[in-house]
Each structure stands twice: as C-alpha cells, then as structure tokens.
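Chains as they are written, first to last, in numbering that gives the first Met the number 0: chain U, 0 to 216; chain P, 0 to 216.
There may be inaccurate statements among the hints.
Repeated chains share a single entry, so a pair holds when one copy, or any two copies, can fit it.
For lysine to aspartate or glutamate, the following EDC-like pairs were computed, each having C-alpha atoms within a straight-line distance of at most 16 angstroms [unchecked claim]:
1) 215 / 196
2) 49 / 122
3) 75 / 93
4) 9 / 178
5) 9 / 138
6) 210 / 93
7) 9 / 71
8) 215 / 100
9) 58 / 193
10) 49 / 138
11) 9 / 70
12) 58 / 116
13) 49 / 200
14) 210 / 199
No lab work stands behind these hints: they were computed from the structure.
Each chain, letter by letter, is given below.
Number of protein chains: 2
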Amino acid sequence: MSLISSTMRKLSYGVYSILAMDGQRPTGCIVNTVFQITSQPAMVAISMNKDNYTYEVIKNSGRFSVSILSEESPRKVITNLGFTSGRDHDKLTELNYTMVDGLPVLEENCCGGFTCDVVSMTDAGTHMIILAAVKEATEGNSLPPMTYRYYHEVIKGGAPKNAPTYVPEEAEKPAEKEEVKYVCSICGYVHEGDIADEPEDYKCPICGVPKSMFNKA
Amino acid sequence: MSLISSTMRKLSYGVYSILAMDGQRPTGCIVNTVFQITSQPAMVAISMNKDNYTYEVIKNSGRFSVSILSEESPRKVITNLGFTSGRDHDKLTELNYTMVDGLPVLEENCCGGFTCDVVSMTDAGTHMIILAAVKEATEGNSLPPMTYRYYHEVIKGGAPKNAPTYVPEEAEKPAEKEEVKYVCSICGYVHEGDIADEPEDYKCPICGVPKSMFNKA
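If we strip away everything but chain U, and leave its shape as in the complex, we get (with noise of 0.2 angstroms):
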C-alpha cells in the first residue's frame, strides 16, 4: 500500500446508513462520510460514489436521510444495505424502519437520524459531494456512535466486545492459515476471499466503488 493510502486511512469517520426514495420504494446503503457542515442553518455534505443506485435515486428525488448507527448494530444491518446492489434488491425487506418528513430512518441499530434536503452537488471524479439541508431528526438509543475503525475492529470481526473472543487491533495475532482478501483502495474495507468470486455490479459495502477499486492484500 502507498504511503498516500496508508496514511488516508488514519482518518476518522463514522458508519451511517443513507436512505431515500426510489419512487414508492425505500432503498439505501451505508457510508462513512456524513459530516456537519454549518449549524445555522443546520447542513451536512456526504459523499457518494457516482455508480451508487442510492446516489441516482438522490439525484433524482432530492432528498434522502442519515441514520447514524450505533455500536451494538449486528453486523446483518450492514451487510443487507451494504453488500447488494438497490437497484435489483429491496434491501429494506428485513430490516425496520420508520417514515420521518417522507423517508425512511432505521428504527433500531442506530442513535439518531434526521432527514435531509439537497441543496447542491459538487463533481469530484468518481464521486459525488452532496450538501443538504438537516430537516427533521430523530430520536436513537442511547449507546456510542459507531466509528469505521470500531467496524474494522469488532464488528467485521464476528465478535461483539465483549466476548471473550474479542482482540483489540493491538493485540491481534496473525492469523493461522493465510486466506486470500481483497481491499477497497477508497476505504480499506478488507473482502474475505477472492474478489473475482463476487457479480460483476459488486460494491464494497462501506464506500460503493466497484470491484476494480479492490487490490489483493
């Protein structure tokens, strides 16, 4: 990995999921960049990958929401809005969700939400940068926010905190047998297994970037 890449990887983010309105029907995916922008009025900006159904389905509605998820989220929240594509998928189906301002947000898993107008888009190549505008928010549980480094750590590893099975980053032994993985260049979400195995409309299940972002490990 390039020093450029490694170093990215140091920055902080959260894990959200982003949902919106394909005509009558809720779809969605995670993502990690959600982040305030001003507070009077209240606005944030998300990026998007351009190749992203849900990204289509906001440039054409307008409007689309954050649920920000929370640390105790299993894993299956993540991988029914993350690892299928919501333009052949209803990827709602198994999860619960409430209607808030015309949209749904995640009933359970996450520690707020709100809904979000676009107010304008900004070109960044392979991605889009989306400003809005904060409309109506909900209210979550009560546990912490969901870092990506708290994903990485816990959650992609099968194993909540507190189990016994649990080893910090710090502490990790290298695993026994080596197994092929893949890693998303954009966010470093790390594929078990070979990428090529994956359907050719595969995107990583954090950032959106098709398959060819992934470089073998």
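Knowing the structure of chain U, use the given hints to seat chain P on it.
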C-alpha cells in the same frame, strides 16, 4: 439543545491540524472535518469557516497540509493552533514542524500528514467545503488517530487516559460545583467560563466559529 443539534453531535470526526503558508509565514488551525472523497486520484474535502484566517490564506495560496493528530497529543497543540487567530499571532513558534512539498506539516503528535492542492471550493453559507488533491504524504507515529470524541472525553478533561483521574464519559459524575460553560453550537466544544470574557475575535478552537455561535450550557 434542539434534537437536530444533539443528533448532529453523534456524527464521528477526527482532529486535524490544517497548516498553510501566509506568504513566508506558516499559520494554521484545528478542524474536525477532513474526509477522503476519492482514491483515484486521492482527494480529500475539508470544511472551513469563512471567518477563519487560515481559510483566507488557503484561498490565496491554493494549498494546505493536513496533520492527523494522534491520541497522545498534548492539549497545547490544540491550544496553540486553535485558541488564537493567525491574523495577529504566529501560531507555530512553539510547535515543531517540517517543510514538505513547500508546506509545513507537524513533526510531533501526529500519526501522519499530507499536502494538498485545492481543486474546488463549494459555498455552504458560513463555511466553505474545500476539495483538494493529495500530493505528498508523510509518516507519523504509530499511535491511534485522535477522534473528536476522544478529544472531548480525554484531552479536554486534562487527564491522560491512563491517569487515575481519567473518568470515561459513561461513568462521569456531575461536577461538585456548578461552573459557567458555553457550548459551541456547531461542534459542541465546551468553553469553560463566560464566553463574554474572551476577546472580540475569539474563535472556537475546533471549528473556528466566532463567539456569537456559543450558547450557555
């Protein structure tokens, strides 16, 4: 605090030093919003208050560096860079930095850094979203990157994490005596004491907004 404000505070951030050259003079500030937007080519976005002097310098020079603060960073790094304005104060006299690619990058207390050329600026009212191409990265220490949450819970409390006086937020007891506090409405930074006692050009040490953006806690 409104539900929108309290929900916004659950978004996750890091803590970064943004440095730039004001002619021959290095200057800079502290921000919490630096996020990778693309990897091919490597680009990041940062958000800056338009009132911030470092923003003016970046607008004029088209360049800046990001130093990713690590957890062990002493409070003085944030105090030196965040608590005064670069307009009338040489902020870097007490901090060690190296020149990389024509830009100052912090030499200590960070786990990596990189230099950037501005690609575009997006107006967002009180703030500007600056999209920039990453040019050169520098190695830092191997400590974990400081999160904004860590800053609030550990650094601002003045106690190192391993000190017996350190109390995690979850277990924190109410202060024995009530003291006046003001909270930054943008980033949640807590100012101990009356904000009216600060000079007129006082800025939030984290996000750079003026004192008019603080509310009594």
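Outcome of the hint check:
1. Within a single copy, residue 215 and residue 196 get their C-alpha atoms as close as 13 angstroms, which meets the 16 angstroms cut-off; across copies the closest is 56 angstroms, which misses it.
2. With identical chains, the CA atoms of residue 49 and residue 122 are at most 16 angstroms apart within one copy only, with a shortest distance of 9 angstroms there and 21 angstroms across copies.
3. Taking CA atoms no more than 16 angstroms apart as the test, residue 75 paired with residue 93 passes inside one copy only; the shortest distance there is 9 angstroms, against 49 angstroms between copies.
4. Taking identical chains as interchangeable, the C-alpha atoms of residue 9 and residue 178 are never at most 16 angstroms apart, the minima being 25 angstroms within one chain and 36 angstroms between chains.
5. Taking the shortest Cα distances, residue 9 and residue 138 sit within 16 angstroms of each other only across copies (11 angstroms), while inside one copy they are farther apart (30 angstroms).
6. Proximity of residue 210 and residue 93 under a CA criterion of 16 angstroms is satisfied in neither setting, with 25 angstroms inside one chain copy and 46 angstroms between copies.
7. Taking the shortest Cα distances, residue 9 and residue 71 sit within 16 angstroms of each other only across copies (15 angstroms), while inside one copy they are farther apart (23 angstroms).
8. Neither within a single protomer nor between protomers do residue 215 and residue 100 lie at most 16 angstroms apart by alpha-carbon distance, with minima of 43 angstroms and 30 angstroms respectively.
9. In this assembly of identical chains, residue 58 and residue 193 lie within 16 angstroms of each other by CA distance neither inside one copy nor across copies; the values are 33 angstroms within and 45 angstroms between.
10. Taking identical chains as interchangeable, the C-alpha atoms of residue 49 and residue 138 are never at most 16 angstroms apart, the minima being 30 angstroms within one chain and 31 angstroms between chains.
11. Taking the shortest alpha-carbon separations for residue 9 and residue 70, only the inter-copy value of 12 angstroms comes in at or below 16 angstroms, while the best intra-copy value is 20 angstroms.
12. In this homomeric assembly, residue 58 and residue 116 come within 16 angstroms of each other (Cα to Cα) only inside a single copy, at 11 angstroms, whereas the closest approach across copies is 28 angstroms.
13. Proximity of residue 49 to residue 200 under the C-alpha cut-off of 16 angstroms is restricted to the intra-copy arrangement: shortest distance 13 angstroms within a copy versus 41 angstroms between copies.
14. Proximity of residue 210 and residue 199 under a CA criterion of 16 angstroms is satisfied intra-copy only: 8 angstroms inside one chain copy versus 52 angstroms between copies.
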